[in-house]
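A.B. asks: Protein sequence lines correspond, in order, to chains A and B. Each residue of the first sequence is one higher than the last, beginning at 1 in our numbering. Each residue of the second sequence is one higher than the last, beginning at 1 in our numbering.
One should not assume that every hint holds.
As the list claims (entries may be wrong) - Here are a few chain A residues that face chain B, going by a calculated C-beta distance under 10 angstroms:
#1 Leu-170
#2 Val-171
#3 Phe-172
#4 Phe-279
#5 Met-381
No lab work stands behind these hints: they were computed from the structure. The C-beta atom is built at its ideal place from N, Cα and C for all residues, glycine as well.
If you want the building blocks of each chain, they are given just below.
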Amino acid sequence: MIRYYLLVMGIFLALGLIPKSHRLMNALAAGNGLLHLVMSCTALLMFDLPGRLGESLYLDHLNLYVELITALGFSAAAFYARGYTDSLMEAGELDPKNLKTFYLAFNLLLVTSTVALFSDNLALFWIFAELTTVCAAMLVAILSARENIDAALKYVFIVSGAMLFAFLGLVFLFTLSEQTLGEGTLNWTVLAVHASEFSPALLLASFTFTFIGFGAKAGVAPFHTWLPDAYARAPSVSAILSGLMQNLGIYGIIRMYALLRESSAAPQASSILIAAGVFSIALASFSMFQQRNLKRLIAFSSVEHMGLLLIGIGIGTPIALFWTLYYMLVHILVKETLLFSAGILHRQYRSNMRENMKDVFKLQPMAAWCLILGSIAIVGMPPFPLFPAKYFILLESAIVSPYMTLAVLLMLILAAASFANFLLKAFSKVTVEEENEKEEHRHITRTPAGTGENAKELSTGKAGYEKSRLAGQYMVKDGMKVPTIFMLALALALGFYFPDSLRDLLDAIILELGYV
Amino acid sequence: MIDPLFLEGIIKVLFVFVLISAGLIISTRNLSSVLTTYTIQSFLLSAVSFLLYMIDGKGQLLLLAGLTLASKVILIPYFISRIEEKIKIGRDLHFAYLEPTPSLLLSIGLILLSYTFLSRVFEGLPLSRLFFFGAVIGLSLTLMGMLVMFSRKKVITKALGYLSMENGVLMFGLFVTELPFIIEVLIIIDLIILVMLTTILAVGMDSSIEEYRQKFRKLQIWTGVESL
Numbered sequence: 001m002i003r004y005y006l007l008v009m010g011i012f013l014a015l016g017l018i019p020k021s022h023r024l025m026n027a028l029a030a031g032n033g034l035l036h037l038v039m040s041c042t043a044l045l046m047f048d049l050p051g052r053l054g055e056s057l058y059l060d061h062l063n064l065y066v067e068l069i070t071a072l073g074f075s076a077a078a079f080y081a082r083g084y085t086d087s088l089m090e091a092g093e094l095d096p097k098n099l100k101t102f103y104l105a106f107n108l109l110l111v112t113s114t115v116a117l118f119s120d121n122l123a124l125f126w127i128f129a130e131l132t133t134v135c136a137a138m139l140v141a142i143l144s145a146r147e148n149i150d151a152a153l154k155y156v157f158i159v160s161g162a163m164l165f166a167f168l169g170l171v172f173l174f175t176l177s178e179q180t181l182g183e184g185t186l187n188w189t190v191l192a193v194h195a196s197e198f199s200p201a202l203l204l205a206s207f208t209f210t211f212i213g214f215g216a217k218a219g220v221a222p223f224h225t226w227l228p229d230a231y232a233r234a235p236s237v238s239a240i241l242s243g244l245m246q247n248l249g250i251y252g253i254i255r256m257y258a259l260l261r262e263s264s265a266a267p268q269a270s271s272i273l274i275a276a277g278v279f280s281i282a283l284a285s286f287s288m289f290q291q292r293n294l295k296r297l298i299a300f301s302s303v304e305h306m307g308l309l310l311i312g313i314g315i316g317t318p319i320a321l322f323w324t325l326y327y328m329l330v331h332i333l334v335k336e337t338l339l340f341s342a343g344i345l346h347r348q349y350r351s352n353m354r355e356n357m358k359d360v361f362k363l364q365p366m367a368a369w370c371l372i373l374g375s376i377a378i379v380g381m382p383p384f385p386l387f388p389a390k391y392f393i394l395l396e397s398a399i400v401s402p403y404m405t406l407a408v409l410l411m412l413i414l415a416a417a418s419f420a421n422f423l424l425k426a427f428s429k430v431t432v433e434e435e436n437e438k439e440e441h442r443h444i445t446r447t448p449a450g451t452g453e454n455a456k457e458l459s460t461g462k463a464g465y466e467k468s469r470l471a472g473q474y475m476v477k478d479g480m481k482v483p484t485i486f487m488l489a490l491a492l493a494l495g496f497y498f499p500d501s502l503r504d505l506l507d508a509i510i511l512e513l514g515y516v
Numbered sequence: 001m002i003d004p005l006f007l008e009g010i011i012k013v014l015f016v017f018v019l020i021s022a023g024l025i026i027s028t029r030n031l032s033s034v035l036t037t038y039t040i041q042s043f044l045l046s047a048v049s050f051l052l053y054m055i056d057g058k059g060q061l062l063l064l065a066g067l068t069l070a071s072k073v074i075l076i077p078y079f080i081s082r083i084e085e086k087i088k089i090g091r092d093l094h095f096a097y098l099e100p101t102p103s104l105l106l107s108i109g110l111i112l113l114s115y116t117f118l119s120r121v122f123e124g125l126p127l128s129r130l131f132f133f134g135a136v137i138g139l140s141l142t143l144m145g146m147l148v149m150f151s152r153k154k155v156i157t158k159a160l161g162y163l164s165m166e167n168g169v170l171m172f173g174l175f176v177t178e179l180p181f182i183i184e185v186l187i188i189i190d191l192i193i194l195v196m197l198t199t200i201l202a203v204g205m206d207s208s209i210e211e212y213r214q215k216f217r218k219l220q221i222w223t224g225v226e227s228l
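Using the sequences plus the hints, can you model the full thing?
C.D. replies: This is how it looks when you write it as structure tokens:
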């Protein structure tokens, strides 16, 4: 089955190389995203889960759910990419010759991550996860500017190097299964059945090594160092995709932890996860404070959220896992909103730095509001859906230690303050009104007669001034506005209404992972 | 038939050479020597795998030896040497955090660390002495490769460090267990793609040719720091 999928997708990608027009290439990419979205929805509704497709593909609620998130994120990014890459090409930053490479890597990233998610064999998961790193790095390097290449190389070396450790962990796992079952296997389904028979010490060693690899993929501290660079230096679209790939790392960690749950090594594994989680949150929230680069701020906020997800997995109760899974979805929705808006602001100011932003509400009101609402959402304020997710994970974390809950809460407050600090300083800068007033004054002194005329003159003067000031305004294409608002609206809707089907889906995942 | 004990003796000698090659990759400044050392290291790995085949007689090991020879001794070094010619720099003089001598001392520590770690983890496993040592050497090679990635500045050397790390993983897998052959093939493919990507990108970073520098300086607005 995996061969057919790769074959079909290979033909699709080869076809994607033919068209010359940007519109068609973009439509293919969006179609690819929507196709995967529809496919995973259909599989969710039609298939008897958990089920198998052929020898190597395994479908259950967890990987379908993550695939759903990934495909949703991709489709939105594809719609956004058109206007964004257009403006990059207009500014001469993206070489039109590289556009094909961009879309090739874009589509390939979705295909490889899909295969990684659905492969039952952990080695296959490992290899395709590696390939997603390569594709994502290509997307980061696409502008062929020195800084981009630097960020892309950092990304590849850190993640791939760490992934080699994950491979060592898989070798351990293989040995374990060979020892217990007589024949070595890396099939997750088989391992999950026999995990309780494995030797705890080796299982823990295997978990630790795989955690290094998947943790680096997810951008967990201390393996997060690639992340701020990739976010800040890459074009927004690429940053979004690297962000989506973080979920792949978390997915791997959830799978590995589910293996360990039955064994006596579970408490140690939990402490590793929780320690890494708390460390990530601490490091991220202190780095966010006084951060002047918008995209770096968002990047560190990603590290912080990955830390919270790790804590959610590490607690190990069904409730915590439920909200962790939910968190994965809403985090992507809000994070994409933020990055989409940051991308628009970057096109406007050609910079991510706070001090270069001026008159944001005049120039880019939509992006400004999306950024504000997105920040409110990301720090976990109601009515946005991150509030219940954070709330319940923190509540559950009190089982482990109430002091940790308190510490995490304080650090989350610090992160929230950093967002507020950034927004206040960036958005409150308005071009000094004095000039404006001076101009008005001149108009008034010139036409002393007739108040009606005076008022008219004043208004035209103001309009003219407005025009000159807005001359440098970057015209946001509808294709960029729609996905931004759509993701935010979806997040808001989830905040008000928790669909029963989603709840059933998450319950099913928890059941399948053997939590209940 | 050659005496297996004699073959085991040769493998042990090769272990020593593998460690020496890892040490050389850490400390050599000349880029082409680093590449040669890597090639020799891969060749040693291929030889180890061939000798294991002579002992065990498993066809898979022979295939692995052939695959390693083709990809890591011929294909990848050839590709990298082409790139090295292109960027016209011969030496990687700068070290980021650690100078060669401390890193060599540190790598001795890493070997000891992997020995103690593995002897605790593998307590219950029926591994023979030789295979246990193979695993230790594999793990140390991985860690030493990581050290190269940390301490070197040039991208090409970093890539070679990554490759040496991968050699270590392969060696570890070789001695601890027998991975399905298809996985080994996929890893090699993954490696080749990765090496191609990083070395092509390295042309932009490492190059001493002014033309490249110009081209890449043009687009500095993306740093955000020194932007407009």
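A.B. asks: Does each hint hold? Answer for all of them.
C.D. replies: Here's how the hints hold up against the structure:
Checking A/Leu-170 against chain B by beta carbon gives a least distance of about 9 angstroms; that is within 10 angstroms, so the hint holds. Evaluation of the A/Val-171 hint against chain B yields a held restraint, the C-beta minimum of about 5 angstroms falling below 10 angstroms. Interface hint status for A/Phe-172: upheld, as the beta-carbon distance to the closest one in chain B is roughly 8 angstroms, under 10 angstroms. Proximity of A/Phe-279 to chain B is violated relative to the hint, the smallest CB-CB distance being about 20 angstroms (cut-off 10 angstroms).
With a cut of 10 angstroms, the hint placing A/Met-381 at the interface with chain B is violated, because the nearest CB-to-CB distance is about 28 angstroms.
The earlier numbered hints that this structure contradicts are 4 and 5.
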